[in-house]
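Per the numbering used here: the sequence shown = residues 300 to 549.
Derived from the structure by calculation, the hints contain no laboratory data. Some hints here could point you the wrong way.
As the list claims (entries may be wrong) - Derived DEER-like restraints, expressed as beta-carbon distance ranges: (1) Ala486 <-> Thr455: 16 to 22 Å; (2) Leu543 <-> Gly465: 22 to 28 Å; (3) Ala398 <-> Ile320: 25 to 31 Å; (4) Gly465 <-> Ala414: 16 to 22 Å; (5) Pro362 <-> Ala459: 16 to 22 Å.
As the list claims (entries may be wrong) - Think about it this way: if two alpha-carbon atoms lie no more than 27 Å apart in a straight line, the pair counts; the simulated DSS-like pairs of lysine-lysine are: (6) Lys301 <-> Lys392; (7) Lys301 <-> Lys358; (8) Lys358 <-> Lys392.
Quick reminder that beta carbons are idealized off the backbone N, C-alpha and C, glycines included.
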Amino acid sequence: MKIDWSPLRQELAIWREQGLILPFWWRDDDAIQSTAHLDRMHEMSRALGVPVHLAVIPKTARPELATYVDGRQNLIPVIHGWAHENHAPPEAKKVEFGATRRPEDARADLQNALARLQGLFGARLAPMFVPPWNRIAPDLMPALAAIGYTAISTYTPRKAVEPAPGVVQINTHIDPIFWRGTRGLVAPETLVAQTVQLLQDRRNGNTDAAEPLGYLTHHLVHDADIWDFTRQFLSEMQSGPITLYRHDQA
Numbered sequence: 300m301k302i303d304w305s306p307l308r309q310e311l312a313i314w315r316e317q318g319l320i321l322p323f324w325w326r327d328d329d330a331i332q333s334t335a336h337l338d339r340m341h342e343m344s345r346a347l348g349v350p351v352h353l354a355v356i357p358k359t360a361r362p363e364l365a366t367y368v369d370g371r372q373n374l375i376p377v378i379h380g381w382a383h384e385n386h387a388p389p390e391a392k393k394v395e396f397g398a399t400r401r402p403e404d405a406r407a408d409l410q411n412a413l414a415r416l417q418g419l420f421g422a423r424l425a426p427m428f429v430p431p432w433n434r435i436a437p438d439l440m441p442a443l444a445a446i447g448y449t450a451i452s453t454y455t456p457r458k459a460v461e462p463a464p465g466v467v468q469i470n471t472h473i474d475p476i477f478w479r480g481t482r483g484l485v486a487p488e489t490l491v492a493q494t495v496q497l498l499q500d501r502r503n504g505n506t507d508a509a510e511p512l513g514y515l516t517h518h519l520v521h522d523a524d525i526w527d528f529t530r531q532f533l534s535e536m537q538s539g540p541i542t543l544y545r546h547d548q549a
């Protein structure tokens, strides 16, 4: 696939000229087992030198996934909800940890999720919570730190570094999948323009430049175009003035 990367290259050149460094990270959602798609993503991550934060669904995660991740240091397991089940009313947007749930039930699921994946991954687990559909009731934020989470990750630029004491927000910002349409690749020129706008917003002080810029993927549903775009995009970002972020501190 031929993509015009010149707008992104020009923006990254401005970052270099101004002595700016972009923190960058990669998150991938919905893992429960080892698959050929996971193999492909791991090999891409290893070849490009960009680690993947693998958001694992705790309730259905299989022990074989922990075996697969063990020894592959470029895969960083994080917690993706509990069961990835929708608890929203029919007319509302999907959410597992929303305001309509009893708080005690939501907190129990948060505790079970962390405990299950700690049991599977041990010290390899990074205590970052990734709510399904990137939504969580604000009232649940203080519970995260009390339970043992150190970070939360949703989507779009963060409004605060710590939405609750002891919990840092590290969001994702670029998603190549056209979820509301073909579920294939968003037009590459749109993704390039979106990335450039995100970088300009940071450079101009409109958003938090210290938040790692996040690329969000879902390896289980990638088609050939999404894989190709991902490879090219990560390679382009690696050529910029970036530093790679890993959330693997316990």
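Verification of the supplied hints:
no., hint, verdict
1, Ala486 <-> Thr455: 16 to 22 Å, "holds (20 Å)"
2, Leu543 <-> Gly465: 22 to 28 Å, "holds (24 Å)"
3, Ala398 <-> Ile320: 25 to 31 Å, "violated (38 Å)"
4, Gly465 <-> Ala414: 16 to 22 Å, "holds (19 Å)"
5, Pro362 <-> Ala459: 16 to 22 Å, "violated (37 Å)"
6, Lys301 <-> Lys392, "violated (36 Å)"
7, Lys301 <-> Lys358, "violated (40 Å)"
8, Lys358 <-> Lys392, "holds (22 Å)"
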